[in-house]
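A.B. asks: Residues per chain are reported as follows:
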Amino acid sequence: MDNLALYIVTSLIFMPVVGAIVLLFLPAENKSLLRWFTLAITLLVLLPLLGIAMPGADWLSFQVGDGGVQHVVQLSWIPSFDIQFFLGIDGISFPLLMLTAVISLLAMGASWTIDQYVKSYCVLYLLLLAGMIGVFLSLDFFLFYVFWEVMLLPMYFLIGVWGGPRRQYAAIKFFLYTLVGSVLMLIALLMLYFNSDLRKLSPQQLTASYVAAWDNGGNLLSAEKYKQQLEVSEHAVHTFNILALQQLGQNSDAFDQRLLYGKSVQWWAFVLLFVGFAIKVPSVPLHTWLPDAHVEAPTPISMILAGLLLKMGGYGIIRICYPICPDAGYDLAWLVCSIGVISMVYGALAALAQSDFKRMVAYSSVSHMGYVVLGLGVWSATAGNLFDPTAWNMGVKGALFQMIGHGISSAGMFFMVGVVYDRVHHRDLNQFGGLYGKMPVYTAMAMLLFFAGLGLPGLCGFIGEVFVVLSAWNFSPTLAAIAAAVVILTAGYILWAIQRVYLGPQYHGPHEEALTEINRREMAVAIPLCVLAIVLGVFPAIVFRYMDKTVDRQVTDLTRWTEEVKLPRLRAAEAEADQEVAANEP
Amino acid sequence: MLFTLVNHLTTDTLASLVGLGAELVLCATIVLILLARMFQLTQRIDSTWLAMIGTLLALMVLSPLTPWDVTRSPVEMVSIGELPQVELFTGMLVHDGFGVMVKTLLLVFLLLLFSLIKLTKAHGKADSPDFTTLLLGATIGMFLMISTNHVLIVFLAIEMASVPSYAMVAIRRGDRKGSEAALKYAVYGAGAAGVMLYGISLLCGLLNSAHLPTMAMRLSELTSAGLSGSQTVLLVMAALMILAGLAFKLSAVPFHQWCPDVFEGATAEVGAFLSVASKAAAVALLVRVALGLGDSVDPSLLATVRSFLAMLIGVVAMVTCTFGNLAAFAQTNMKRLLAYSTIAHAGYLMMAVPPMLALVGVDNAAASQCAGYLGLYLAVYLLMNLGAFAVVAFLRDTMGSEEIRDYAGMIHRSPSVAICLSILLVSLIGLPPLAGFVGKFAVFGGIAQGYLATGDTLLAVMLLVGCLNTAVSLFYYLRVVKVMTMDPIDDEAAPMLVGPGILQRSYLWCVTLPVLLLIIGWNWLNVWIQAATSGLFS
Chain H
1 MDNLALYIVT SLIFMPVVGA IVLLFLPAEN KSLLRWFTLA ITLLVLLPLL GIAMPGADWL
61 SFQVGDGGVQ HVVQLSWIPS FDIQFFLGID GISFPLLMLT AVISLLAMGA SWTIDQYVKS
121 YCVLYLLLLA GMIGVFLSLD FFLFYVFWEV MLLPMYFLIG VWGGPRRQYA AIKFFLYTLV
181 GSVLMLIALL MLYFNSDLRK LSPQQLTASY VAAWDNGGNL LSAEKYKQQL EVSEHAVHTF
241 NILALQQLGQ NSDAFDQRLL YGKSVQWWAF VLLFVGFAIK VPSVPLHTWL PDAHVEAPTP
301 ISMILAGLLL KMGGYGIIRI CYPICPDAGY DLAWLVCSIG VISMVYGALA ALAQSDFKRM
361 VAYSSVSHMG YVVLGLGVWS ATAGNLFDPT AWNMGVKGAL FQMIGHGISS AGMFFMVGVV
421 YDRVHHRDLN QFGGLYGKMP VYTAMAMLLF FAGLGLPGLC GFIGEVFVVL SAWNFSPTLA
481 AIAAAVVILT AGYILWAIQR VYLGPQYHGP HEEALTEINR REMAVAIPLC VLAIVLGVFP
541 AIVFRYMDKT VDRQVTDLTR WTEEVKLPRL RAAEAEADQE VAANEP
Chain D
587 MLFTLVNHLT TDTLASLVGL GAELVLCATI VLILLARMFQ LTQRIDSTWL AMIGTLLALM
647 VLSPLTPWDV TRSPVEMVSI GELPQVELFT GMLVHDGFGV MVKTLLLVFL LLLFSLIKLT
707 KAHGKADSPD FTTLLLGATI GMFLMISTNH VLIVFLAIEM ASVPSYAMVA IRRGDRKGSE
767 AALKYAVYGA GAAGVMLYGI SLLCGLLNSA HLPTMAMRLS ELTSAGLSGS QTVLLVMAAL
827 MILAGLAFKL SAVPFHQWCP DVFEGATAEV GAFLSVASKA AAVALLVRVA LGLGDSVDPS
887 LLATVRSFLA MLIGVVAMVT CTFGNLAAFA QTNMKRLLAY STIAHAGYLM MAVPPMLALV
947 GVDNAAASQC AGYLGLYLAV YLLMNLGAFA VVAFLRDTMG SEEIRDYAGM IHRSPSVAIC
1007 LSILLVSLIG LPPLAGFVGK FAVFGGIAQG YLATGDTLLA VMLLVGCLNT AVSLFYYLRV
1067 VKVMTMDPID DEAAPMLVGP GILQRSYLWC VTLPVLLLII GWNWLNVWIQ AATSGLFS
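Each protein sequence line maps, in turn, to chains H and D.
If you read the first sequence in my numbering, its first letter stands for residue 1, the second for the next number, and so on.
If you read the second sequence in my numbering, its first letter stands for residue 587, the second for the next number, and so on.
Hint data in this document are derived by calculation from the structure and do not stem from the laboratory.
Glycine included, every Cβ here is placed at the ideal spot set by N, Cα and C.
No incorrect hints appear here.
Pair by pair, the computed Cβ-Cβ distance ranges are:
#, chain 1, residue 1, chain 2, residue 2, range
1, D, S886, H, H235, 19 to 27 Å
2, H, T516, D, I1106, 45 to 53 Å
3, H, T10, D, H998, 31 to 39 Å
4, H, E564, D, I1106, 36 to 44 Å
5, H, Q257, D, L1089, 51 to 59 Å
6, H, S252, D, S886, 24 to 32 Å
Taking lysine-lysine pairs in the BS3-like style, the calculated list, with each CA pair at most 30 Å apart, reads:
#, chain 1, residue 1, chain 2, residue 2
7, D, K1068, D, K707
8, H, K173, D, K1068
9, D, K1068, H, K31
10, H, K119, D, K1068
11, H, K119, H, K31
12, D, K763, D, K704
13, H, K227, H, K549
14, H, K566, H, K200
15, H, K225, H, K200
Isolated chain H, as found in the complex (with noise of 0.2 Å):
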């Protein structure tokens, strides 16, 4: 049965694959045998991810008493370059996975609208969902590498062949962009990979981060047995192992090496890879592609942009810049937390001047994802704040739901929008308004996800905007006050919003007569998002309970290393620079 379970999480990835195969050899007239073939690919991927959250099943629920990694994939895949194909589920990846699957669901469902080259398109979004499960499924960070930039090309035809009139433009756009942070993310990566030395290791640590070996039969080494061939060997066993690469961030000096300007290996390698999370994040000043790219995607491929790719960059960084690089971490909380408060306030100043309803929606996730960023990057344990590793768990699982609750939020918002623009072909708010006379049902559940979006209490954007903002708190007052204070900002653009279209006199605008209600296929992708919105809004320990475990247990890790390591390094320093004060005094 344990096999069972590991041929399921991989047919995770593999399933999408498959299935654009064979839709290779479907008729590409019939539309709907593609789109409903597509579909069904997609519910195959939801299905066995319900199963793993369901408790009940031993061989197969996800262990929420456990925060380790669960559901071991490994294999050995370029040995002379100790790569693996290196699976594991935990609770930070998991609550994403579940995400993924949904809204991929609920997107394709939105996507019965698409008419032309049906079968390029579902082809192209089955690859795109591949490479997303595939990122937040792999431990290896060779493989993760690899369907990070999978996923880049279907989403540059989606947006490009499928997109508004500025399709190509916004493109290439966002491809560049992208392309120019996974650059400097392999420059990062292969600096960590030449840096790391499992010799460093205990047998315990190896254990713990699955580091593994095959002997020439191909049986699995044990921890011991692989600790003594690697204490004989000459030079640096290198790895890619994400979770040896942790432990050897915390837990050696192997990233200490001081390069370029007196920095070390981590400083860099933590500022390369952040500058590359930062622009799929995006965080201000990265973030000039988001606005063109949801703009111009088609509507299920903005419900997918903002819902999932941009909390890849989150995922990146709290999977490896933070756990691999906590020096560098340290020094740069500040650094972090400022980008983050920025681009929240950038963000919402932005979405208040726009007239385009996408568009503002659009900016609307730069500002949301801010909370994220801030909410990673509070450290609460900076020189001279109250060392409370408390505070800095809350930031943490903050952020990790805001990236939920936005999930949801946003891509129901860029459906509402799509909704409304199918009907009338234009996106200008100061032309809407009184939609709620001719669609009622539509704008009550358009008038809840925006809520969601606006961090209502009771619905799924306000959990993580609060915890953010308190953990933020024993970082700095002032950027918890900015972080607090733009949340009035979100309320003006969200309500102004609210008002122009929904609200007022009847609607007179381009294409009046095609304004009907919210047809059956709309509602049924648009009911289990407003569900979904309410239900972690009231309960949000359906998502806590998966990743309370994995957050306390790397804050630990974390805290015990900035006792352990980084106090004692900052007091030795401040010793010496006392000492150094003192012999010069005459």
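Given chain H, put chain D in place with the hints provided.
C.D. replies: For chain D alone, coordinates are given in the frame of chain H:
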């Protein structure tokens, strides 16, 4: 006395011949084709077939997995990892795993190229004997470039590879553009060769030898005794001049101007040969010369020489790469675009050399690994670039145009071609999961390794420049993809009544599928190449 000498020479020559087996087979093939032509057999049998058989035989004689070890007597085959580095013909050539590896890649490429020539119409039966002999002749020259151990052979080999290339560019009679390109190429080539010869004579005069290891030894004696000012000037001049000759073969900036014109004038098949085989041989020669001069018994003695060479090659590589990528932006002709892409890739290839120079003496195993990374890049580059040129050739045959504009709407006209070319171009960018990424990853990995081991800032800059260039190159490769997949068919576009045939399309897929699927398992390739290069620095 004389008898001993003759005896020694005979045994040395006889033993050496085995190490030269592949070259001999290719020579024999050329002779056979010429004989067949004399007896008018080539009108019945297309000599491309003969050439293919010859290439295949050469590959078998070379035996990439278990090459011949000429140091043993009797000569026997050993696995490639155990092949020692050995000098042939009293030190003129060197036979080792690195050479075997690059030669294997060249022969595989040649086989694919001959199949391509069979499937296209540019080099028909009438020209076939001339064309195949020229192609094989140039290849022998390249083989000598790869295994050179003596500056005289460097010059001879470069000329032997170049002269047939000039003729191949001009092989289509009555094609004014081809003739013009060939003239440019020949004049440029002659100039570069002259400069290089001057550099060689300076260097040999200073060091009293033309045998690379001996030269390195003399050089280390000189440097340890302290160089005088005039000696330094001479050395730097000689290095610059020799590098100019190599840069011409590599089409490195500032000796690249011939490249776009020649590629535009020559047929796509010849372009593929010049772009892949010639670059592979030239970069292998660069490795031989740079490391031959930089490596000595006591590595610490030549550290300054190595760091000077590394800086020279590194700067040229960065400039070449950036220039190639930027100049490609404005191109409207597909072959010119591929020419600039070739220039950029020559830059990436050259980037693999400075980390080797930096690592020699610090960590010889890592330096050998870097040579392996270069080999990996070559292996992937060979496949994807050949595929791109094959598409150009097929489309020229079917619609008579090589303008990017005319590729508009290709996804509707011939989906196979559009998809294959898209995959190949994206692979040339170096995006995972395509094969191009594997090569780039390896080369950049080598640079990172060199940087972390030595802390040489040049390497850090090179890593950054190389990676950013990847992002820059995205734009022009993707423009072609965009034209093919997103732009509507232009009314004025060249007509394509019949798309490429089933054979042509199968050929394309045969080249594209490995590019697409290599990521699944490239361990064997890496293991083989690493084994081949493991003995380069010992």
